[in-house]
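Protein chains in written order, with my numbering: chain A, 52 to 160; chain B, 39 to 196.
Derived by calculation from the structure, the hints in this document are not laboratory data. Honestly, I wouldn't trust all of these hints.
Part of the chain B face toward chain A, derived, beta carbon under 8 angstroms [as the list claims (entries may be wrong)]:
| id | residue |
| --- | --- |
| 1 | 72 |
| 2 | 118 |
| 3 | 157 |
| 4 | 173 |
We put the CB at the ideal spot given by N, CA and C, even for glycine.
The lines below spell out each chain.
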Amino acid sequence: MRSFEKHLPEFDARRIRVIAISVDSPYQSEHLRETQGYRFPILSDSNDVVIRRWDLVDPHAGEGGADIARPAEFLIDSSGRLRWVNLTGDLRVRARPQQVLAAFDSAVR
Amino acid sequence: MKRSWNPGLWAGFVLVLLGVLTYPFFFARFAITRDFPWANLLMIALAVVLVTRGVLGAYRRPDQYRGKVSATILAVLAVLVSGLFCYGIFSVTRRLPASHGAPRIGDMAPDFTLPDSKGTPVTLSVVIRSPFAPSGVSAASGSGQTAATVLIFYRGYW
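Bound-form chain A, shown alone:
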């Protein structure tokens, strides 16, 4: 997330929107945006509705055994079609912004 914030100008230059989603409440997400200086929107899926529909649930991995989202990144073109997907096999290894930009440059543009 921090690295995406850092590369936001490159996403802006390509007219790519960056949107994050987690189970955090809007209040918690707003706190995160303020303290971390994230300028992209963070959506709140407190009841795992979207996370479940997209089959991205990491069961009982949250505080108090709550279901949360596994890390995943998706690139969606202007028609709503998925052009690039990253489902990491390791929590520590997330998509880097450069990967997404490269995917856009080769698969979408």
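With the hints as your guide, set chain B onto chain A.
Only chain B this time, still in chain A's reference frame:
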């Protein structure tokens, strides 16, 4: 002859702790040292060499170095700590669901509406077809439609 304490052993033990603790507090911040923790593994490897030499010294030259017992305890602790680190790094963080039902390349993104951090409902299908609004400070107001959208699902901070 006065027996001296065993500096290599203690240096090795401190290095094990540093090798483990600098990962969450420092090296995990950078992709190049996070994705594969080579910096921390190097520190731990060096520490293992130092501790091993320290233990050998304590046993082979008890006239020179004191503390066979403390050397053994430190060595066991060092092995435990570095073992836990490797277990955490190479096993725990890889326990992720298969997500076979997740949308794939070529699929249409399943639509949804969720509140943003200000409580305003955001609908995916509307966003991806809307005129682009830069999220960066004031990058020359993007004229034209949104070219693409990146969705980042993350664990959250609860």
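Worksheet entry | Hints breached by this structure | Violated hint (a single one): 2; every other hint is consistent with the structure.
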